[in-house]
Structure formats: structure tokens, C-alpha cells
Amino acid sequence: MTQRAGKLLTATRYWPTELWANPWSLPRYRAAAAWLGGIVAGIALIGAGVGELAAWGDRLLALLGRLGLSAVVVAWLWLLVKLGCVLGVIVANGLWAVWWERKISAHMQSRLGPMYAGAFHGWAQTIFDTIKLLLKEDVTPAAADQVMHALAPVVAIAPCVMAFAPILFGSELAAAKLDVGVLYIFACAGISVIGIVMAGWASGNKYSLLGGLRAAAQMVSYELPRGFSVVPVLMFAGSLDLAVIDRAQAGYWLGFFPRWFVFYPVVGQLAFLFFLIASVAETNRTPFDIPEAESELVAGFHTEFSGMKWSLFFLTEYGYVLLSSFLLAAFFLGGGSAPLPFLDFIPSWIWMTGKAMLMMFVFLWFRWTFPRLRVDQLMDFNWKFLLPWSFANIGLAGAFVWRGLG
Amino acid sequence: MISYFKAVFLGTWALVQGLAITLRYLFKPAVTVQYPTEKLLPYDAFRGALIFDPATCIACGLCAKACPSACIALENQVHPETKKRVPKVEWYTLDLGKCNYCGLCQEACPTKPKSVWHSLDYEIAFSSRDEMVRCWKAGFPLGGRTWDAKKKAFKDPKSHISVRELPARKR
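Residue numbers (our numbering), protein chains in the order written: chain D, 1 to 406; chain Z, 407 to 577.
Do not take every clue at face value.
Unchecked claim - Some chain Z residues near chain D, calculated using beta-carbon distances under 10 angstroms: (1) V414; (2) F415; (3) T418; (4) L421; (5) I427; (6) L432; (7) F433; (8) V437; (9) K471; (10) A472; (11) S475; (12) A476; (13) L510; (14) Q512.
To be verified - The following residues of chain Z were derived to be distant from chain D, with all beta-carbon distances above 12 angstroms: (15) Y431; (16) P435; (17) V484.
As the list claims (entries may be wrong) - Stretch by stretch, here's where chain Z covers chain D in the computed footprint (C-beta under 8 angstroms, at least three residues): (18) 141-149; (19) 359-370.
Hints listed in this document are in silico derivations from the structure and should not be mistaken for laboratory results. Bear in mind that the values here come from a model prediction, so they are computed numbers and not experimental data. All residues carry an ideal CB built from backbone N, CA and C; glycine is no exception.
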């Protein structure tokens, strides 16, 4: 037998059969560490950006007031500060979510994903990708409608930023306090469809057009069960204000079981599932990604977009994923309340962002598990299953409220 | 009615099973190798770049005869006084551009250990035709050197794996 020269090749690994036999091997630890570190880093990134800034916010507002400016100027400056915070969240989320998605997809497929950019597990990959996208040539096809083509990504992302205004990042932590917050969010999110249809139409490409039309059909259809699945929550909380919904879930049954809406028997779980499914469809992600189905439509509505125009669509998608994650956390998972009474000392924004990150993981998990639905299956599922059952769920919630259980 | 709920349940259950599989695989180690920093060692029977050892070679020329693509050339040393050929090579060249990695030269080689054999070196890429031809003279390393026609000098081949150190010298 000849000897192995493993020591001579630096960091040699043999064929991986041996690794699979050993569940406690180094790469396995690394995978687990990357995953857990990912959650912690995500919470830290988004939470620290918003939660801690908000703590300074009152001081900043007081400081602005002391400068002797008129109330209108102070209000506008304050608005800009809050806008900057929310925009920061959306952009940081884009960087973070893309990296996390790539890592999770890679590990689910027994790959490693980005490993070189930055020292630790390619953490800087999306930063470099962003630089690359900023430097890329901006191509507008000759057949495209120039103005519409340039306007479409803006029309897609602006409502996404707007929709973040009443989003709760902690129990009382939101850029704007709206009594009709839920309605406002759904209304804003609905506008993005226009941007996508514009993109499809203005590209002057049949694949783009088909993608845009499919997106319109899908998003308009899934708006309905998405809205109706929240109605039980609104009935229980008795308000459209996210802060009130959040407060309604504080407290515990029997002193330890959290009063989250997802734990309301049957009605809570059904509403949660319907909202989750409709949210995945609303963000155009697999298994509902027919608007950008690669095997059918190249890339759907953003086929003809490049550079920053394209990445604005990408940012919109991840912005909506984050929005849906925060909504799921606020509507069903108790928002900023702790799962157990003795954990109350942890600030609400950590719980909120933690739950949102968990939901975002579910989004990524769905994406890398399920195959794509066909167009007719998609519509069947929505109109013949989700919608009737979300109506039934409202009826069930009505029975709950009637019996005084809400 | 029952069949409807059964279909819903079975469909949901299938989705949950799928989710469980992907979650399980999320925590399994990756099977891929980070190539430039991590390298797999091939099995012993792997036929990589050819290696030649001038010290053991008896200059019989069987390898050159066995080679189906005629990529081997060699010349005997000549004794300085008697002017007779001695069983040592003066020079020996292998054209890895022509080589088809069949292993017949290695099979034909009569010495023990083999004087020409396939190493496990799979990182053989060339940027010029000069580099494809590996040359050996007395005192050259096992991996040979390549002749740089512009600089009129021998240079060591560019390879990430140190072929001199690699094992699996065939008996």
C-alpha cells in the first residue's frame, strides 16, 4: 500500500463519504454555527439599527426642539430622521437577506455558498455584489419605452418603503402611528403591482410582458386571502392599529402560556397559515414565483433590467419579505411580547426582530423546498381553497368573539 | 367531504415532509470542497501527470516504444572514454500535450521501482506549448522542468501540488 500524502496537501479533505458518517465533524459544526450566527447577526444588524436608534430618538427630538426652530421644521427634520432609519433597515435587510438566503440555500443543497468575501463565511459577498451592481452598465433595450422602463423600478420600490411607515419594530416602536396601519400597509403593498406591470410592459419583450401580467394576476388574487386572513386578528384585537394588535397579545393564559393570536385554537393557526401562504405568493417567491419563472420566462418582468434598476426590484422583493415577516410577527406571534413571563426583561425590539427573522427563515425555507406551481394551479389554490377557507375562518372567529373568547 | 379533507391533509403532510428533509440537510455538512484552499487527494490508481526519475532509469526505451501517442523521447548517456552507450539517460522528455494518460509507458517500464509513472497531480494546465514538454536531465527533480524557448533556460513547472513529494510511486 502506498502512503497517503494528506499532510503534504494543505488542508486536505478526502472524499466526503467519511464526513457524512460523522455527524460531529468540523464542517457540520461550521454549518450549524453559520446558521445560528446568521440569526444572531441578523437580529443584531436590524435590531441594533432600529431599536437602539429609537432609544436615542427621543433625545434627538428634544435636541431638535431646543434649537429654536419652528415646529414645522422640527417635524420635517424628524420625519427625515425616521425615513433614514427605515430606509437603512430596508437596505441593510437587502444585504443581509441575500447573503442569508444564499447560505441557507447552499446548506440545504449540501453546498457551502459564498465563502471567500470577508473572512467569515463570505459575509461581505452582498456588499461586493452591490458595488458590482452599482458599477454595471445600465442597458435599456431599443424596443423599450424609455421613460416607463426607468420609472418602473421606482414605482415598485417606493410603495415598499412607504409600507414600512407603521411597521412595528418593537412594542411601541414605529416610524408613524396610524390608526389604520394594517389597511395602509396592504394599500401600499398593492401599489407595487403597478411597478411590476409597468416593468413588464415597458421592456418591449414578450417574456417580460407575460411575467408582468402573471404578476398582476397573482398579486391581485392573493391580496384577497391575505386581507381576509388578517380579519380574525383584527376582530380579536378590535383595531387596525398595529400597536393595539401588539398590546392585545401581551399577557399569558394560566400565567405562562402566551396569548398570541397564533395560539387561538384552530382559528389562529388557520389565519397564520393562510397569511403566510398569501404573503409568500404576494412577494412572488417560490413556490409562487410564476412571474419570474426561469424555465418559462427567462426572468419574467425584470428580464430587461440590469444594474441598479434590476437590484431595485431585488431590494423590493426582500423589502416585502421583511415586511411580511414583521407583519406575521406582529399579527400572530405576539409582536414584542416575550414567549415566557420571566423573559420580559429582554427589550421588545429583540423579540420583534427575532420573530421576524424566524419568519424570514420560513420564507427562505419554503423557497428552497417547494417546486413552482403551474399558473392554473396557482389560481385554483387561491380562489377555490384559500379564499373560501379564509371566509370560513372569519366565521369561526366571529363565533369566538360571540362566545366572548376573543 | 371526507376525501376532500383527506386530500388537504395528505397534501399538507407531503409539504411538511419536504420541509423536514430540507431542514435536515441544512444541518448536514456540505459535500463540496473549497477547491483552491481544500484539495482532494485522488485514489492511488489515478493517472495524473507523468513523473520520471533519471536515477533509476536504465534508458531501455521501452516506454517510448509503448507510447501510443509518441510523446516520449530520450537519449542514452555515452561513456566519455569508451564512447559506448551506458544504461543511463542523457535527457528524457515527455510531451504532456500529446500524452493521453493511458499508463502504457508505466506498464512497460522494467525497473523496480518504476522510472516513469503517473503521479496524482491533476493540476496540469499550460499557458504555452513549451510548458507542455517536461524535460529531465541528471539532477532534475522528479516533476521535471520545462524549457523556456525565449529565455533559453529550464524552469520549474507551475503546479499547485508538489509532485516531487507525492506518493504512489508504482512498483
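With a cut-off of 10 angstroms on the beta carbons, see whether L510(Z) makes it to chain D. L510(Z) check fails; min Cβ-Cβ to chain D is 20 angstroms, beyond 10 angstroms.
Hint status (Cβ of L432(Z) to nearest Cβ of chain D, threshold 10 angstroms): holds, 5 angstroms
Are V414(Z) and chain D close enough, Cβ to Cβ, to be under 10 angstroms, as the hint says? Hint on V414(Z): holds, closest Cβ of chain D at ~8 angstroms, below 10 angstroms.
Do the numbers back the hint for I427(Z), that is, is its least Cβ distance to chain D under 10 angstroms? Holds, about 8 angstroms.
Is the listed coverage of the region 141-149 of chain D by chain Z valid when you require three or more residues with a beta carbon under 8 angstroms from a beta carbon of that chain? violated (count 0)
Classify the hint on V437(Z) as holds or violated, based on whether any CB of chain D lies nearer than 10 angstroms to its CB. This hint holds: V437(Z) lies near chain D, its Cβ roughly 5 angstroms from the closest one there, short of 10 angstroms.
Closer than 10 angstroms between Cβ atoms is the bar; does A476(Z) clear it against chain D? Give me holds or violated. violated, 29 angstroms
Over 12 angstroms to the closest beta carbon of chain D is the bar; see if V484(Z) clears it. Non-interface label stands for V484(Z): nearest chain D Cβ at 35 angstroms, farther than 12 angstroms.
Checking a non-interface call: every C-beta of chain D should be farther than 12 angstroms from the C-beta of P435(Z). Is that right? violated, 4 angstroms
Confirm or reject: Y431(Z) is not an interface residue toward chain D, with every Cβ-Cβ distance exceeding 12 angstroms. Y431(Z) not clear of chain D: closest Cβ-Cβ about 5 angstroms, inside 12 angstroms.
Taking beta carbons only, do three or more residues of the region 359-370 of chain D come closer than 8 angstroms to chain Z? Three-residue rule met by the region 359-370 of chain D, so holds; n is 5.
Using Cβ atoms only, decide whether F433(Z) comes closer than 10 angstroms to chain D, and label the hint accordingly. holds, 6 angstroms
Going through the hint list in order, the structure does not satisfy hints 2, 9, 10, 11, 12, 13, 14, 15, 16 and 18.
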